[in-house]
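Residue strings, one per chain:
Number of protein chains: 2
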Amino acid sequence: MISTEEFREYAHQMVDWMADYYKDIESYPVKSRVHPGDIISHLPLSAPEEPESIDAIFADFKKLILPGMAHWQSPGWMAYFPANSSYPSVLAEMLTSTLGAQCMLWETSPAAAELEERMMDWLKQAMGLPEHFTGVIQDTASTATLCALISAREMRSCFTINQHGFDPQNKYRIYCSAEAHSSVDKAVRIAGFGHNNLVKIPVDETLAMIPGKLDDAVREDIYRGFTPLAVIATLGTTGTMAIDPLKTIASITQLHNLWLHVDAAFAGSATILPEWRRIIEGLEYADSYVFNPHKWLFTNFDLSAYYVKERDILIRTFSILPEYLKTKVDQQVKNYRDWGIPLGRRFRALKLWFVLRNFGLEGIREIFRQQIRNIRDLAEKMESDPSLEILAPVNLNMICFRFNPGNIREKDLNDLNDRILRQVNAGGKIFLTHTKINGKYTIRLIAGQTSTKKRHLDQAWELLKQAAKSEMKHD
Amino acid sequence: MISTEEFREYAHQMVDWMADYYKDIESYPVKSRVHPGDIISHLPLSAPEEPESIDAIFADFKKLILPGMAHWQSPGWMAYFPANSSYPSVLAEMLTSTLGAQCMLWETSPAAAELEERMMDWLKQAMGLPEHFTGVIQDTASTATLCALISAREMRSCFTINQHGFDPQNKYRIYCSAEAHSSVDKAVRIAGFGHNNLVKIPVDETLAMIPGKLDDAVREDIYRGFTPLAVIATLGTTGTMAIDPLKTIASITQLHNLWLHVDAAFAGSATILPEWRRIIEGLEYADSYVFNPHKWLFTNFDLSAYYVKERDILIRTFSILPEYLKTKVDQQVKNYRDWGIPLGRRFRALKLWFVLRNFGLEGIREIFRQQIRNIRDLAEKMESDPSLEILAPVNLNMICFRFNPGNIREKDLNDLNDRILRQVNAGGKIFLTHTKINGKYTIRLIAGQTSTKKRHLDQAWELLKQAAKSEMKHD
Numbered sequence: 308m309i310s311t312e313e314f315r316e317y318a319h320q321m322v323d324w325m326a327d328y329y330k331d332i333e334s335y336p337v338k339s340r341v342h343p344g345d346i347i348s349h350l351p352l353s354a355p356e357e358p359e360s361i362d363a364i365f366a367d368f369k370k371l372i373l374p375g376m377a378h379w380q381s382p383g384w385m386a387y388f389p390a391n392s393s394y395p396s397v398l399a400e401m402l403t404s405t406l407g408a409q410c411m412l413w414e415t416s417p418a419a420a421e422l423e424e425r426m427m428d429w430l431k432q433a434m435g436l437p438e439h440f441t442g443v444i445q446d447t448a449s450t451a452t453l454c455a456l457i458s459a460r461e462m463r464s465c466f467t468i469n470q471h472g473f474d475p476q477n478k479y480r481i482y483c484s485a486e487a488h489s490s491v492d493k494a495v496r497i498a499g500f501g502h503n504n505l506v507k508i509p510v511d512e513t514l515a516m517i518p519g520k521l522d523d524a525v526r527e528d529i530y531r532g533f534t535p536l537a538v539i540a541t542l543g544t545t546g547t548m549a550i551d552p553l554k555t556i557a558s559i560t561q562l563h564n565l566w567l568h569v570d571a572a573f574a575g576s577a578t579i580l581p582e583w584r585r586i587i588e589g590l591e592y593a594d595s596y597v598f599n600p601h602k603w604l605f606t607n608f609d610l611s612a613y614y615v616k617e618r619d620i621l622i623r624t625f626s627i628l629p630e631y632l633k634t635k636v637d638q639q640v641k642n643y644r645d646w647g648i649p650l651g652r653r654f655r656a657l658k659l660w661f662v663l664r665n666f667g668l669e670g671i672r673e674i675f676r677q678q679i680r681n682i683r684d685l686a687e688k689m690e691s692d693p694s695l696e697i698l699a700p701v702n703l704n705m706i707c708f709r710f711n712p713g714n715i716r717e718k719d720l721n722d723l724n725d726r727i728l729r730q731v732n733a734g735g736k737i738f739l740t741h742t743k744i745n746g747k748y749t750i751r752l753i754a755g756q757t758s759t760k761k762r763h764l765d766q767a768w769e770l771l772k773q774a775a776k777s778e779m780k781h782d
Numbered sequence: 308m309i310s311t312e313e314f315r316e317y318a319h320q321m322v323d324w325m326a327d328y329y330k331d332i333e334s335y336p337v338k339s340r341v342h343p344g345d346i347i348s349h350l351p352l353s354a355p356e357e358p359e360s361i362d363a364i365f366a367d368f369k370k371l372i373l374p375g376m377a378h379w380q381s382p383g384w385m386a387y388f389p390a391n392s393s394y395p396s397v398l399a400e401m402l403t404s405t406l407g408a409q410c411m412l413w414e415t416s417p418a419a420a421e422l423e424e425r426m427m428d429w430l431k432q433a434m435g436l437p438e439h440f441t442g443v444i445q446d447t448a449s450t451a452t453l454c455a456l457i458s459a460r461e462m463r464s465c466f467t468i469n470q471h472g473f474d475p476q477n478k479y480r481i482y483c484s485a486e487a488h489s490s491v492d493k494a495v496r497i498a499g500f501g502h503n504n505l506v507k508i509p510v511d512e513t514l515a516m517i518p519g520k521l522d523d524a525v526r527e528d529i530y531r532g533f534t535p536l537a538v539i540a541t542l543g544t545t546g547t548m549a550i551d552p553l554k555t556i557a558s559i560t561q562l563h564n565l566w567l568h569v570d571a572a573f574a575g576s577a578t579i580l581p582e583w584r585r586i587i588e589g590l591e592y593a594d595s596y597v598f599n600p601h602k603w604l605f606t607n608f609d610l611s612a613y614y615v616k617e618r619d620i621l622i623r624t625f626s627i628l629p630e631y632l633k634t635k636v637d638q639q640v641k642n643y644r645d646w647g648i649p650l651g652r653r654f655r656a657l658k659l660w661f662v663l664r665n666f667g668l669e670g671i672r673e674i675f676r677q678q679i680r681n682i683r684d685l686a687e688k689m690e691s692d693p694s695l696e697i698l699a700p701v702n703l704n705m706i707c708f709r710f711n712p713g714n715i716r717e718k719d720l721n722d723l724n725d726r727i728l729r730q731v732n733a734g735g736k737i738f739l740t741h742t743k744i745n746g747k748y749t750i751r752l753i754a755g756q757t758s759t760k761k762r763h764l765d766q767a768w769e770l771l772k773q774a775a776k777s778e779m780k781h782d
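So the protein sequences, as listed, match chains A and S. Each residue of the first sequence is one higher than the last, beginning at 308 in my numbering. Each residue of the second sequence is one higher than the last, beginning at 308 in my numbering.
Simulated from the structure, these hints should not be mistaken for laboratory data. Do not take every clue at face value.
Treat identical chains as interchangeable: a pair holds within one or across any two.
To be verified - List of simulated lysine to aspartate or glutamate pairs, EDC-like, C-alpha gap at most 16 Å:
(1) Lys-743 - Glu-630
(2) Lys-330 - Glu-312
(3) Lys-635 - Asp-722
(4) Lys-747 - Glu-717
(5) Lys-747 - Glu-630
Just so it is clear, the structure is predicted and the values come from calculations on it, not from any experiment.
Chain A on its own, in the form it takes in the complex (with noise of 0.2 Å):
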């Protein structure tokens, strides 16, 4: 291994070519344009027997390796959900490397046990989240909700599940949208529920669940025997970033006395902004939420900020105290390892404390503001444009749109969009992805990357409308 003083060097090297990444990061095709097996077809089949130096390592990866990324940080990212890097950030990122720490236990690590219940206890605050939740940090969206899953298995069933395995006398059952995440069917396999307990609640014109429908699936699972167990309601969906009415949905949770899960993974940080709040009305009568930082607050992939109303049900469900994790504080502190499912952990707390300390609460105001009426400039202009249709809500800063030239049959216009799409994303500046709103290819447009500003845009609905020129040309 290179010697202390050498990292030292090659460490300012990396800083170089980093802060030059940033600088040129829109020279870079936003979508990698390598096809499979392009990246491997270069690599050595073996590991190599001898040392081979940090140059000829940090060459590959300039030769190899970069061509093959896409560029999750260009402003040109307009794809899936961002997930935001910023400077501050990769900063802490550094040092946490640097720590090395795994911080299973308030032991192996009290700085990082204290600093993850504050940063807790300010994103809280700072998104108007109920006072009585308390958070933890987790890896994903899909781990929380998975965990909130079985937290409520664990609730109802008086954590004998845990204990004795399923009961046959107890068929529960899961609800959530039919536009809800793929977290959500995961979790119910692997928590043995079986997907086919899992209630897919029809939505309405704004993509959103229809309480109703919820509290029908409810009665008449009842009647035929089922044990409603947990609904998910879904603030920003990923197709489309419908919002479900959180409110009337509570209060059919209350009334059947079903565990509420709130699953805001992008939505969540928008409500910094008290114009925003409205989304979280009824949030105190959730068991549980999640949104994640790593979507949209500018800190690094993975954190996810878990709340839950009794910290104690969260516990139960998942502690696991063998002799050799006993210490003498076990009474006093938060051993983080308890509180979810994986026992060890990063130091994500520190991230979190340089970026919100360095942009401000204000300063990310700003920034989300100016992306969401950005969108909303955007979403007029679209709206002026007779070959073009806006096929859902326009919620914070994503656009759900397909060309629709008024000549082309219905069944061709997901072909010519899916071309439109491959266009401009082969062009290399921006980078977006589809999804399907009933049967129609849907190209999703998000602007919620870091540095995304209005130039890039403009930059985009350009690109749009080129490419769209070119491929209706061809029809």
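Based on the hints, put chain S in the right spot on chain A.
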């Protein structure tokens, strides 16, 4: 947020701090001396509204956070299992956090997917794992073991539990030794089997599973109408580094058609040494295998290497494909989101690439052999000390022992050794933890940190003898 050039400047400052930290790491007390509440009481109750400078945040990091960290990268870290970093690994983590890629799909970062595939092949060869294994990176061994049990559940139930939930006809049983890691207990609960259906098989005097007892337990369960499902064999238990006899266990799992999962979280790295390959004899019969490069392969936490015999079972167990995740190349590439629990994935393969190339396999073997030799030398010294008992076979780089001057009642020995451990840890030069063996309080000493050398073990031995002397005087 700061500008790119300010980022460059601060990142250079961080680098100098990082190199200095490693240079001076032995001057920090390995185990933090803070008390519960010391850190959080200095953290403001709310996030700042206005931006704060990186200077201010970094100063607070040094003043408030650093004294509250346990220094996992200190050569005096002899506690738990190590979570090793190394210079090439930290350099790679700097790049990873800068790219900030979310590697859920091939398309969201082709190079990450293809590098991961090749790195898992490199490790497979380097460690002498069966050729037919396919690897994937998981965050931790806890998660990998959970994946294994869910895969076993689905294969055995013909994927019907994923679909319909548990069938009361089948009461599945899982088997592991009484010394297996607590993550097995946790996974059995999460997957819905119930803790009562985890059968703990007795261990022999080396604290390894007694295969005959496993066979008895399986036969008895079959007789009683249970459905034996899976066995977890442990190579290198957390308590004492005991090694279950894999080959004999495999013959039993073959006989009864049980899923065999092998948890080699720590000891798995040792098979890079041909002289330690014997511990994985029989691995060709295993259905799944996990070991942690983040423990003893100089690669920053988190990075677990999970291998399976039949990748189709893994993928079928965990795959979900909503419209917004479909890509044109799904049939030609590996989309690792379907190979585990969370959807989102960091670019973890990069640090492994940096480590394996910069150390070289031969470089890693040299360090391992030296650490094993150092521990054997220390064990010899301990054996010749009449006031000390070694309580478990010395495997790899761990010793389990207690002081026993001979004139103290058995029941007071636990208290004596607890006091010795606390005194040594309070000194700050080294950090050790404990376990219990047959009720005996046992001090664990593991020399596996990247930079732990002979002199650190010599120092540890002197400190232990001093502490023992002073504590025995008090009795």
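These are the hints, each one checked on the structure:
1. For the homomeric pair Lys-743 and Glu-630, the shortest alpha-carbon distance between copies (6 Å) is at most 16 Å, but the shortest distance inside one copy (52 Å) is not.
2. With identical chains, the CA atoms of Lys-330 and Glu-312 are at most 16 Å apart between copies only, with a shortest distance of 9 Å across copies and 27 Å within one.
3. Taking the closest pair of Cα atoms, Lys-635 and Asp-722 come within 16 Å of each other only across two copies (13 Å); inside a single copy the shortest separation is 64 Å, beyond that limit.
4. Taking the shortest Cα distances, Lys-747 and Glu-717 sit within 16 Å of each other inside one copy (9 Å), while across copies they are farther apart (76 Å).
5. Proximity of Lys-747 to Glu-630 under the C-alpha cut-off of 16 Å is restricted to the inter-copy arrangement: shortest distance 11 Å between copies versus 57 Å within a copy.
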